[in-house]
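**Student:** Read off the chains here:
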Amino acid sequence: MIEDRDTLLGLWQRMTRIRRFEERASTDKEADLLEGYIHNYSGQEAIATGIITQLRADDWITSTYRNHGHSIARDVPLEAMTGELLGRTTGVCGGKGGSMHAVDQDLGMIGGMGIVAGGMPIAAGAALAARRRGQDRVAVTFFGDGAVHQGAFHESMTFAALFNCPVIFVCENNLYAETTAVDYHLIAGSVIAMAEPYGVHATQVDGMDVFAVRDAAEQLIARARYTGRPALLEAMTYRYGGQYEGDTQTYKPPQEVAQWRARDPLLTFRRRVTEPGLLTHGDLDEVAERSRVEVADAFAAAALAPWPDPSVLLTDVYTEIS
Amino acid sequence: MIEDRDTLLGLWQRMTRIRRFEERASTDKEADLLEGYIHNYSGQEAIATGIITQLRADDWITSTYRNHGHSIARDVPLEAMTGELLGRTTGVCGGKGGSMHAVDQDLGMIGGMGIVAGGMPIAAGAALAARRRGQDRVAVTFFGDGAVHQGAFHESMTFAALFNCPVIFVCENNLYAETTAVDYHLIAGSVIAMAEPYGVHATQVDGMDVFAVRDAAEQLIARARYTGRPALLEAMTYRYGGQYEGDTQTYKPPQEVAQWRARDPLLTFRRRVTEPGLLTHGDLDEVAERSRVEVADAFAAAALAPWPDPSVLLTDVYTEIS
Amino acid sequence: MTRELTIKDALNEALRQAMEADDDVVLLGEDIAGGAGRDEAYPEAADAWGGPFGVTQGLLGQFGRDRVMDTPIAETGFVGASIGMAIAGMRPVPEIMYVDFIGTSFDQLLNHAAKLRYLYGGKVSVPMTVRTVTGAGFRAAGEHSQTLYSLYTHIPGLKVVAPATPYDAKGLLLAAIQDSDPVIFMEHKRLYMTTGHVPEEPYTIPLGTASIVRAGDDVTIIGVQKMVHTALEAATELEQQGISCEVIDPRSYSPLDTDTILTSIRRTGHLVVVDESHPRCSLATDISALAAEHAFHDLRGPVRMVTGTHSPVPFSPPLEDLYVPDVPRIVDAVRSTLDQGRKGAEAVAHGR
Amino acid sequence: MTRELTIKDALNEALRQAMEADDDVVLLGEDIAGGAGRDEAYPEAADAWGGPFGVTQGLLGQFGRDRVMDTPIAETGFVGASIGMAIAGMRPVPEIMYVDFIGTSFDQLLNHAAKLRYLYGGKVSVPMTVRTVTGAGFRAAGEHSQTLYSLYTHIPGLKVVAPATPYDAKGLLLAAIQDSDPVIFMEHKRLYMTTGHVPEEPYTIPLGTASIVRAGDDVTIIGVQKMVHTALEAATELEQQGISCEVIDPRSYSPLDTDTILTSIRRTGHLVVVDESHPRCSLATDISALAAEHAFHDLRGPVRMVTGTHSPVPFSPPLEDLYVPDVPRIVDAVRSTLDQGRKGAEAVAHGR
Ligand SMILES: Cc1ncc(C[n+]2csc(CCOP(=O)(O)OP(=O)(O)O)c2C)c(N)n1
Ligand SMILES: Cc1ncc(C[n+]2csc(CCOP(=O)(O)OP(=O)(O)O)c2C)c(N)n1
Ligand SMILES: [Mg+2]
Ligand SMILES: [Mg+2]
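Residue numbers (the numbering used here), protein chains in the order written: chain B, 1 to 322; chain Y, 1001 to 1322; chain G, 2001 to 2352; chain E, 3001 to 3352.
The following block holds chain B by itself, in its conformation from the complex (with noise of 0.2 Å):
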């Protein structure tokens, strides 16, 4: 993990981003200023922020409705991302996809898909396609624990495995399919176990450490870059919210939520950063403050953002219109 001060600096400042991000939806949401469904990646942070910050900037991700954080761990403007949030102009996706779908595609993000598995197929063909052209992109597509039941996930490992595509699968097992515990749904015991079938290397990682996952997303890419295969990292990590933001979450054990907690990842940061010395606390308060301050500003300026032209609701169903 020996990282110099700016990449440090770049991932605490992308998590806590998310985390005040996630925060002040939540508690919008239940002030009832947001419209919609909030699905929130509090306790995730590290899994965006460790894995997109190890991808090029042409590289292809798909997201699911949690993607707020794979947004801004791609740099989505926080602008752009309370824009989508209250429906405005300024939007990621000009207010038609709201939180769900918010993400960039101008930044390689194919879509923060509503359907569970749904972003796995194409993210194996964006990923074949960058080969078939011989650019060297890669492909990261995001997904559930609950995920890996849909047929979708089984098709996509198997298109991936024998038309060598350059996707790296990231399951963040977060323990909870909504409500239902992993180890009640997930017979294989792990989602690794998952990839043998298909001989799609596969590893597991502590999602909590975004040093942990920064290394291996560096070696999966790498490798997806250079070999043209494809890969499965398993990311172990917790939801500390519910499955959208209204949830009661009542099925948590209490004192699951603790323990996780005393894992989270920004804490994780921290301790890994400041007790060699590579940053101070100082340093993490500035930018942890800097966030707070741009979230806040940036769901303000989304409240006084214009709302979209009635013209455009017949916009964008079709590229041409013959």
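Hints are supplied without guarantee of correctness; some may be wrong.
Pairwise CB distance ranges (calculated) [what the hints assert, rightly or not]: (1) E:D3298 <-> G:R2267: 18 to 28 Å; (2) G:G2064 <-> B:D297: 50 to 60 Å; (3) G:D2023 <-> Y:R1005: 38 to 48 Å.
Chain B regions said to be covered by chain E (calculated; three or more residues, Cβ under 8 Å) [stated by the list, open to error]: (4) 101-111; (5) 130-139; (6) 144-156.
Hint data in this document are derived by calculation from the structure and do not stem from the laboratory.
All residues carry an ideal CB built from backbone N, CA and C; glycine is no exception.
Given chain B, put chains Y, G and E with the ligands in place with the hints provided.
**Tutor:** Relative to chain B, chains Y, G and E with the ligands alone:
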């Protein structure tokens, strides 16, 4: 393989009926006496026969478009089969299904699914229902090597494993999915390898040897019946014909056909029962000849059977017209 | 004294009564109870959710996990398994959490549930009821707001039902579960909290019977599910303008009660169909075409369709509000068919 | 001198020319070349099939397995991958072997191909062409004979095209592949051997333009794909009875050339739609409803729909022949709208 004489003759009768039936269907198709698709089961007789003769009358089966062997092994009357191939009222489906759907629901055969892997989850559900209703019925779902790539395979294995469905997944690995060779498409190397993540007990068997199939089936069926757990059987076999009648089969190395024909299930059976003197060639020839006559009679009868009345076009869409 | 329930509670009561009456009725779906895997360690987990809208809440406590089955996210698996369960003598009620997700189990319904009886010569029935959630107006964006009624209605062998009131919700759900054929039962997410009278005892409403929710003389308005309510509002406004609207809720889209619909159109001479789904090959076109073929000589003005747009459902609130048909659009449509009816008549009178 | 090709060969030529012109055009599907896994050991294996109807035959030899990709039987996998390839700059042409199998990849088309552009604010296009095979009359029974045009046409974001002649087949397929949006390209299995003039050089036919395949004055008949030919036969027969039919092939169902259709209806005053799909929420109802809304005052008789029945397609030849609309049914429909038109006019004249 110590079997009594009647059992042995019963196996032989079914295998010869299937072979004669398929040969006749093939020539009739070539002579343009049959309309629609005909999927030949020749070469795979030992599988249908070995497994289905181990089932109870109240057990469930799902089959595919390649169902003639399964139906004949289940003792669907030959006239009901030929009637169906010719679309007559005497057909097992009254002519509505044709060759691809020629199975008898009254014998627990839920369907001859025209959709690859379509029967798998249905069989799992039927098996589960029996259990939930306090019955010890099991279900068998037949499918090909190509079907394991469908999402439905994965979702059915997961469902069956999680909910303890006494269903036996029977893969007839005949080396081809249409024209696509198994060594190209089956990344896992074998179908049994694909069962592992689901914790489903899996066995491979020589699908050209009815005794081996029967033994394996006996064990797996008993296991499913008494434990309520799913299992998978991969029976290695060979499709003598094309994907369907009319397929020119240029993709098959000729020596491959010869190699497999040397292990023909009927030849193998003959050797295995005559060498130790369990049955004589005379015994076998007599039954084989009877099968030939039965098949010829059944085709002749079907050709004279009445066409369905136009009114039935609109019956059976719904159970109740509400 | 009338007993008022929400649609959500009416559906819950229907499920409970169906399960009490028949041990073979079982529910399957993602998080339809909730908390699976936590029952032992943490009892409050059980029944945590009852599905995202709470429709199935409390049923686990009464019927246990064998009859309220929380499934993995594998719709082909559990919808397909439901077909097998139905054939094997049960009456499964699988839930597709949002109708938007139908693509992940579509083959099982299109080719198996719908066709098993017909293809195999009528020897089997598939008594299953697929519950699913429809509708826009929830700020749930393009993949959680569709209605897609017409995709199922096109398919012979399926029945399609969509209640708009608590009374209908209970009666139709009980009828669907008792029905011997596969029924797609569509619940509009924006109607769950709609209240109305619901008798406590079980009752059924025959599938295929429309409901005349408001009698009138000048125009027939067909409301599709939530649009029944919007149509009723429009009818109230139009009454003030001296226009008398008959509002019909088909309730069941397949089979469709063509008699009730045609009788009304023949009497009023004008038809407006309000359907929040996309316009092409929709229920709106289906009912319009019915009139154009079978009530042609009685129509005195163009048939008007008020529908969602030919676009995905947008998230942005003002855009979504434009997507969903509203009272002004219905009022305009009614006025325009009446106006053009007159114009048409004048044109005829003037020999054009 | 005219050059005659079958539709099958016209399509093959279109694919070849599209692939020659643009390296980014690639084909994916089950056995679309054939013999995968046997190329080395047994060279004749390559190109064994070219799909079950031979449409893609010979392309492997010219373009290799990287561009003619035989896939596992995993439609969600390769249709979904095609979406990704399209976004990443290619023009994939996946094949769903029979349209009956759409259920196994429906989610990828409904929620991703169709919606990615809209939901994400118009920043991306999905230039892919999904080829698939439709149609009854092949004795292929209920799971290999469907048409299902309307399921795709209902979905905003998809384009839907279905040629009925070799000329259209080539021109529309080239246009579809060049189009920036996802196109569902439907090929009728009973039309593959239909011959007609096809120019050798590449050409395109704009999507969304209907073709008036026969001009006439008394009635407009809209034929849906194979039904264009049946409609033409009926028109010939009706001519002998002194009835002049205009026959229109929409060719593209989404977008639909409403202008050409409405202009014809306004002129003839009578509409018959012939669609071999099931009747409910179909293209037949779509086009009927269009007329009932936008050509109402010009209609002089009821709109008649001649469709397949509300049943799966049966195998038994005489039953299947009853399922598929035929000339007598079209002739009856035309005569009945013309007769009833007169009756209606008389009724008006008699003040009824
Ligand atoms: C095909 C499909 N089925 C069901 C849903 C409803 N749904 C949305 S999120 C979710 C749980 C997903 O769990 P997991 O994959 O673990 O991801 P997480 O939310 O934990 O990140 C479900 C069932 C859906 N969106 N798509
Ligand atoms: C979902 C689906 N995709 C494609 C097909 C077309 N198809 C029919 S049989 C077949 C090959 C199946 O091969 P396999 O599973 O090995 O069975 P076999 O025919 O060898 O018995 C294919 C691709 C289909 N029927 N269903
Ligand atoms: Mg999860
Ligand atoms: Mg095979």
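**Student:** If a hint holds in the structure, say so; if it doesn't, say that too.
**Tutor:** Checked hints:
A C-beta distance of roughly 24 Å is found between E:D3298 and G:R2267, which places it inside the suggested range of 18 to 28 Å. Our hint of 50 to 60 Å for G:G2064 and B:D297 holds, since their Cβ atoms are close to 52 Å apart. Checking the proposed 38 to 48 Å range against G:D2023 and Y:R1005 shows it holds: the Cβ atoms sit about 45 Å from each other. Only residues whose C-beta sits within less than 8 Å of a C-beta in chain E count toward coverage, and the region 101-111 of chain B has 7 of them, enough to reach three; the restraint holds.
A stretch counts as covered by a chain when three or more of its residues have a beta carbon under 8 Å from one of that chain; for the region 130-139 of chain B and chain E the count is 5, and the coverage holds. Coverage of the region 144-156 of chain B by chain E holds. Counting CB-CB distances below 8 Å, 5 residues qualify, and the rule asks for three or more.
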